[in-house]
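Residue numbers (my numbering), protein chains in the order written: chain Y, 6 to 390; chain C, 6 to 390; chain P, 6 to 390; chain H, 6 to 390.
One should not assume that every hint holds.
Identical copies carry no separate label here, and so any pair may be met within one copy or between two of them.
[Said to hold, decoys possible] The list that follows gives simulated cross-link-like pairs (lysine to aspartate or glutamate, DMTMM-like), each with its CA atoms no further than 25 Å apart:
hint, residue 1, residue 2
1, K259, E184
2, K259, D199
3, K259, E274
4, K192, E130
5, K259, D43
6, K259, E131
7, K192, D137
8, K259, E169
Calculated directly from the structure, the hints in this document are not laboratory data.
Number of protein chains: 4
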Amino acid sequence: MPASASPDTSQRRLRAGIVGGGRGAFIGSVHRLAAELDGQAQVIAGAMSSDPAVARESAAAWFLERSYSSYAEMARAESGHAAGIDFVIVATPNHLHCPVAREFLAQGIHVVCDKPLAASLAEGEELARLVDGGAALFALTHNYTGYPMVREARALVRSGRLGELRRVMVEYAQDWLMEPLERAGNKQAAWRTDPARAGPGGSVGDIGTHAANLLEFVTGRRIEAVCADLTAFVGGRALDDDASMLIRLEGGAKGTLSCSQIACGEENELSLRVYGSQAALEWHQQEPNTLILKPAGRPWELLRSGHAYLGADARAACRTPPGHPEGYLEAFANIYRGFIADVRRVRAGQAPLRDYPGVAEGVRGLRFVAQAVASSRAGSVWMRL
Amino acid sequence: MPASASPDTSQRRLRAGIVGGGRGAFIGSVHRLAAELDGQAQVIAGAMSSDPAVARESAAAWFLERSYSSYAEMARAESGHAAGIDFVIVATPNHLHCPVAREFLAQGIHVVCDKPLAASLAEGEELARLVDGGAALFALTHNYTGYPMVREARALVRSGRLGELRRVMVEYAQDWLMEPLERAGNKQAAWRTDPARAGPGGSVGDIGTHAANLLEFVTGRRIEAVCADLTAFVGGRALDDDASMLIRLEGGAKGTLSCSQIACGEENELSLRVYGSQAALEWHQQEPNTLILKPAGRPWELLRSGHAYLGADARAACRTPPGHPEGYLEAFANIYRGFIADVRRVRAGQAPLRDYPGVAEGVRGLRFVAQAVASSRAGSVWMRL
Amino acid sequence: MPASASPDTSQRRLRAGIVGGGRGAFIGSVHRLAAELDGQAQVIAGAMSSDPAVARESAAAWFLERSYSSYAEMARAESGHAAGIDFVIVATPNHLHCPVAREFLAQGIHVVCDKPLAASLAEGEELARLVDGGAALFALTHNYTGYPMVREARALVRSGRLGELRRVMVEYAQDWLMEPLERAGNKQAAWRTDPARAGPGGSVGDIGTHAANLLEFVTGRRIEAVCADLTAFVGGRALDDDASMLIRLEGGAKGTLSCSQIACGEENELSLRVYGSQAALEWHQQEPNTLILKPAGRPWELLRSGHAYLGADARAACRTPPGHPEGYLEAFANIYRGFIADVRRVRAGQAPLRDYPGVAEGVRGLRFVAQAVASSRAGSVWMRL
Amino acid sequence: MPASASPDTSQRRLRAGIVGGGRGAFIGSVHRLAAELDGQAQVIAGAMSSDPAVARESAAAWFLERSYSSYAEMARAESGHAAGIDFVIVATPNHLHCPVAREFLAQGIHVVCDKPLAASLAEGEELARLVDGGAALFALTHNYTGYPMVREARALVRSGRLGELRRVMVEYAQDWLMEPLERAGNKQAAWRTDPARAGPGGSVGDIGTHAANLLEFVTGRRIEAVCADLTAFVGGRALDDDASMLIRLEGGAKGTLSCSQIACGEENELSLRVYGSQAALEWHQQEPNTLILKPAGRPWELLRSGHAYLGADARAACRTPPGHPEGYLEAFANIYRGFIADVRRVRAGQAPLRDYPGVAEGVRGLRFVAQAVASSRAGSVWMRL
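In isolation and in its complexed conformation, chain Y is listed as follows (with noise of 0.2 Å):
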């Protein structure tokens, strides 16, 4: 009965709504298929493009009870619908991420957004606020957070088993920008790479912060400072797709953190080691399930997803028994889990955990573009965050 008019929303999947995410956008239909993972969501309703026919088809496509041409639209009536939608998905380019947002925070509907949070910091503190004010759950989707692998790794820093933390490493390295493609009509690469849409950041923005909360969820430690140098390679470009920096986090621990949408032959590859005087840890995206811990003087250890010798978040966060690998949707879905449980957690009066990313992560992220794009501009000198 997903569709069903119950208030009691214990007794029925819960409706989503999407903006944004039509034909042809990759993430729309990530979304789409984490949110509706568990069987606990079903995406009902959208406003999928500012073109109404392709919003349109992409609401028939995905058999949509109502399609609206507008955000605007869509928030007013999905707040005043008997079956309305429980929660919003934001799917679009960056700087309508605060915007969509907003009118759906405004009628007090629960919001998924894509990151970064805003396409500037000043925007992004303003929807902070906004949610911080309000009563409506918030959820950034860094999915990387999402792996039971990350999970697990959070929990053996948290425990000590690391000791004191020294070096860190962190890097998410693409190939998918080595060549001009915004002058060839790819969409996606258009607002990645144009200031208007996508911010100050190129890569320090749509995989730079991906690095940067990674970091800071494992370790548990904010970045302190940063000390970058952006660079365009590929000629034209008005925004960096690459960087390298130094980086300081609270506490003592220090290191790099890369990021490069030109590096040839990478397709996704974000990585982190952190190097502690205990032990370390070393995780790569592409290949998910497995944690390296790394004991001072004893072999690797190889720790992999599913298994009874996890810690109760890695084990959480599983679908499979050990051996079944599990994927990115699978941990994108895992924020979505988080997020969904909190809603019927709110619906039923009780106070939400929050295990997931919010506003809070959102304006560090921003914080760290900004000062990222600042530093290297100064030519590499140390801003604090």
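Please arrange chains C, P and H on chain Y, whose structure you already have, making use of the hints.
Positioned in the frame of chain Y, the structure of chains C, P and H alone reads:
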């Protein structure tokens, strides 16, 4: 509008029912996730357990619209319902596959059945006759053939890239039965080690059939003969928990097939190597997004899912761009994707494409089990399949 | 003072002679490098080819002090020389191992012989009697047992860490004979595919014996029986270039042994897996410094050469600290290290330790070849060793 | 005839001497093994320790013909000896490299010196002038450039296969100094953490110079500027044990260089990635026989040592066919191989080829250390090299 009564299936998600898969049954959840992943179907009815309370609770946890206490009742009721199910999923222990499938086929309801096809070759052959003589579609979830890189492997063999096939090596190793769990209350272990419910093969039936199917799928050649050595390493076990075989394929290729459920430390290591006169292939289920191509006299190549350089079959089986790991559930969902497309095709009056395993593969699997068991009993003599 | 006539070998490098290994013979160079690596011996005399010119040129290239045109002459002359060789290296094709070794043993000169021990079991058994009845030392270069991590594997099995041994899998795959090189003037290929010079086994004798020896070395159990399927995939070849076998070890462990010289794309993939009731081991010759330990219910551990956590045997076999890869030559040199230490021991009046393969291993290897060939000819029946 | 007085070096092994490398000094053994590996040289004289007893015992253990108690005495005596050494190996702590080398160069004896070239830039530059102004040959053992696949990487860059170079990442991570071993009596650690004996750089001098040299060797581009952050993570340490740097190369490539001796669990992880506009390369010292080539839009290729498809430089650097792992010692020996060939060439009146690192690389390394230290002290500012 998934629950609507629309006879035009092109405008809605298909409605699925499930038999078995109640609380605690890992494979039931996998079937639901896989069936629903693409937003093309939804499980809305079930006879999830022979225990009425478990059936009821399981159905409620999945927000099913209709819960039945017996599969026979379910088949009758759904068949007569205006918004009855479009297909049924059979996720019971092996010995029930046949009776359950028979019941739904009798009502003209399409069937997706877990493997092996049945608990005996005779029963499987009877089911095959039933399916071949009827109009309902039938899919057998040899799910590993759903991986994009397995489909690429098949395409490479078909294209002649490997030259004449020579040596083959296929293996499926696990360790979950290395202790006598069946005597410690584990239901999964209990029925899988019981000849009355599992059939004549232990590891040979449960996972050896996957290995044999994978090999035949990729090479396009049938296993012609086996010379097997089956063992029950764990004391008191009536069925094999480990098997090694010499095998011969049609056309002259030969090599080994191994399966084990007592291979300490192995999770789900299904792997395949095919050596030809011009190139070889290697694939491992636990790192499923990589296919190793080994051309004669040239460096190995690492083919990866999502890339434009892959063949059409592999590309069609990917949901995300390169570097976004696709896992077990997505591969499983690819079996459903083909089946669901066929259901829509049949409803629209078109011929089905049957691009998924069916009863023929099921009967071959049962024959493989029967002959492996017979070979071993006779002291490892060659038996033709 | 390597060339001095000092009878007290403790004060000088030992003097070695070599038979075979002339220009173009890969394995001759390997023996020299391995014998000399630790600075404990030097090759100073040789009968390096039956072609006098090649013998002379090869000897000059190595700066040998004495070059002979026949091994018989060399044995006599060195035996009577005041600064004669302390031991001889036999690096000829298989059919000459026996006659050459016999000649030097007759003069009381210690022998290091390449494997297999001889071209036939009868000949090998005769040689064994000769060695066992004499005073001269004899080493057979089953060089892969020289790797530190292979010795660690043996130590772990001996210690009981694996529990009861169950499944074993050993394999040696190459591709260098995938074309009929023997008909294209390749000398190495010519004698290896010629029954008169290689003996009754092709791949089984050349590399299958290494696989069998490695398995027995690590497990400490003898192969009790084989059920084999040998093939000559390349047309016109008199000996097998590929073999698959079911095997059984003393004490109940069983599994598969494969060897192939037509496995397209494989270089020298000798690998071993041993599964016990409490842990398993995996090792690959091509990444020889890593040994994977798979404890039941715990993460895999990557044991690496050079570490203090290894057992005494493995540590003694390492020349560099962790992270300095040790390779094929160093492993080969470890066989010589044990042998040379024994020569010094014997000279000093002490009992030899014999911590290297000898005639017993050689005879077992020949029996393995004979029974594998017999099993295959009889249609894959179990043959006891 | 290694000890003969023959002036014609083409008929004998060369005679080498060594300064330093006495009992317990790992690197001394490595130099002997590497110098002697190809049977083209033999260490016959030494001043192996400033402690006369250690010097004597070390010399005896190596069967040296002549042992000296001081390097000055050795230089004089060998120079006047009819069968004196052809070259000397300097394997002392850094601060002695210069004085020792000077002494032998003054006698016209060729020198192989461990890196870094000297303990200070000024001293290194003086030594460079001395070498450049004299006739004796000089090799600096930046041994990692001896690996076949590193030479293949250089050849691929030179050939233009990578296109325009963009991002580079080089790293050398170890953990052996993660505890204050220098305060626990470890001699190796003591001099390496002492500015008076090691020079101004800790990890930067000991291993950072290897990383910088490897990068420049492969890319053929000089590091133009560094922006560094050096740290002594272990309390009480006067020199850095960890460093992260932003770097820029001539011609526009840029990226990061990291080195650490406190990276828990890392053995000797020297690795390099070079990203160009058409392809990228990746190499890891700990698995040195594989070079990963990442062509744009095509599958990764695994290039392996020993293969006929490699370029001439790489093939010349291999001693064994594919699949016989070559390790650290063989790579080290490749530096000696080039040097020894040059000594023979010079003796034969031919011009040397100098295909090994020399004083120029040494001076660059010292400048790298000086500027990295200066950059870090100034708060991570760009310093030109």
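Hints, verified against the model:
Taking the closest pair of Cα atoms, K259 and E184 come within 25 Å of each other only across two copies (18 Å); inside a single copy the shortest separation is 33 Å, beyond that limit. In this assembly of identical chains, K259 and D199 lie within 25 Å of each other by CA distance solely across copies; the values are 24 Å between and 32 Å within a copy. In the homo-oligomer, the alpha carbons of K259 and E274 lie at most 25 Å apart both inside one protomer (21 Å) and across protomers (19 Å), since each shortest distance falls under that limit. Taking identical chains as interchangeable, the C-alpha atoms of K192 and E130 are never at most 25 Å apart, the minima being 28 Å within one chain and 53 Å between chains.
In this homomeric assembly, K259 and D43 never come within 25 Å of each other (Cα to Cα): the closest approach is 38 Å inside a single copy and 43 Å across copies. With identical chains, the CA atoms of K259 and E131 are never at most 25 Å apart, being 31 Å at best within one copy and 37 Å at best between copies. When the C-alpha separation of K192 and D137 is checked against a cutoff of 25 Å, the pair qualifies neither within a copy, at 33 Å, nor between copies, at 48 Å. Taking the closest pair of Cα atoms, K259 and E169 come within 25 Å of each other only inside a single copy of the chain (12 Å); across copies the shortest separation is 31 Å, beyond that limit.
Hint check: violations occur at hints 4, 5, 6, 7; the rest are consistent with the structure.
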